[in-house]
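Chains as they are written, first to last, in numbering that gives the first Met the number 0: chain E, 0 to 101; chain D, 0 to 172.
Treat the hints with care, since some could be wrong.
[To be verified] The list that follows gives simulated cross-link-like pairs (lysine-lysine, PhoX-like), each with its CA atoms no further than 20 Å apart:
#1 K89/E - K169/D
#2 K100/E - K169/D
#3 K89/E - K100/E
[Claimed, not checked] Using C-beta positions, here's what the derived DEER-type ranges look like:
#4 N55/E - V80/D: 47 to 53 Å
#5 A55/D - N55/E: 16 to 22 Å
#6 N92/E - L158/D: 29 to 35 Å
Everything labelled a hint here was simulated from the structure, so no lab data went into it. Glycine is no exception: its CB is placed at the ideal position from the N, C-alpha and C atoms.
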Amino acid sequence: MNGVPISYYLVLSAILFGLGVVAFVFKRNIITIFMAIELMLNAVNLAFVAFARAHNQLDGLVFVFFVIVVAAAEAVVGLAIVITIVHNRKTLNVERVNLLKL
Amino acid sequence: MTLPFILFFVFAALAVLGALLLIAAREPIHSALSLVLVMISLAVLYLLLGAEFTAAVQIIVYAGAIMVLFVFVIMLLNAGVEERTNWSKLAKYAGLPLALFLLLELGHAMSQWSPRAYGTGTGMAGGLTGNAAFSTVDLSKQLFQKYLFPFEATSILILIAILGALVLAKRDE
């Protein structure tokens, strides 16, 4: 069924995680920064599934399930915070949200 | 080139392309749609790894529920084109090389990986995958027996998240 070596999946996971970090650092829009976090979580999920396949153990898949649940909770709370920030500051640009900055 | 290899490279390329589009797009809605592309390609890769339930959950929860929430908020806030800002010198000259270095290092470390290095491998040569798909029945047994307490804890987590979102999104009177 599957002749693709596990390390290929792991390298893809590393690439996606790296691109997620780049997006997280470079983007200025607060919603896009949230999407970068989701991208990194997805990359980690891919690594989990690949390791589960390599060890033929189901625990990795259970962890993916929990990661997805936590990501959903995080997205809900995060987007509520975004809406509150936009109501208060009238901007989506993270550089304008600098109330805690010295 | 066998079919799994072709499928892997096509959908891996699609996933990386989607991630690059997410970075390149100036409008948040384009970023959201390219993230959906990444998630659907990852679901196909999960199928390729034999994790059918995870692939279904990936499409239903991630590409469905979470991304609809993102698109909904983008449209609610009427998010337009992202402003260009001048980067700090540190980000300009050190950020990109360091990000590339992290990417290369992660890629190198991951490509060196083999199941035997960690002692728990099932003895498959070179990290090649087995044949059988993961059974959803076994997965549910794990979830509701071995991991019952974490499973119940996540339900409380979701309840707290709902309450938190309600409190945060409520207008101050």
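Subject >> Index of numbered hints that the structure contradicts, given in increasing order >> reply: 2
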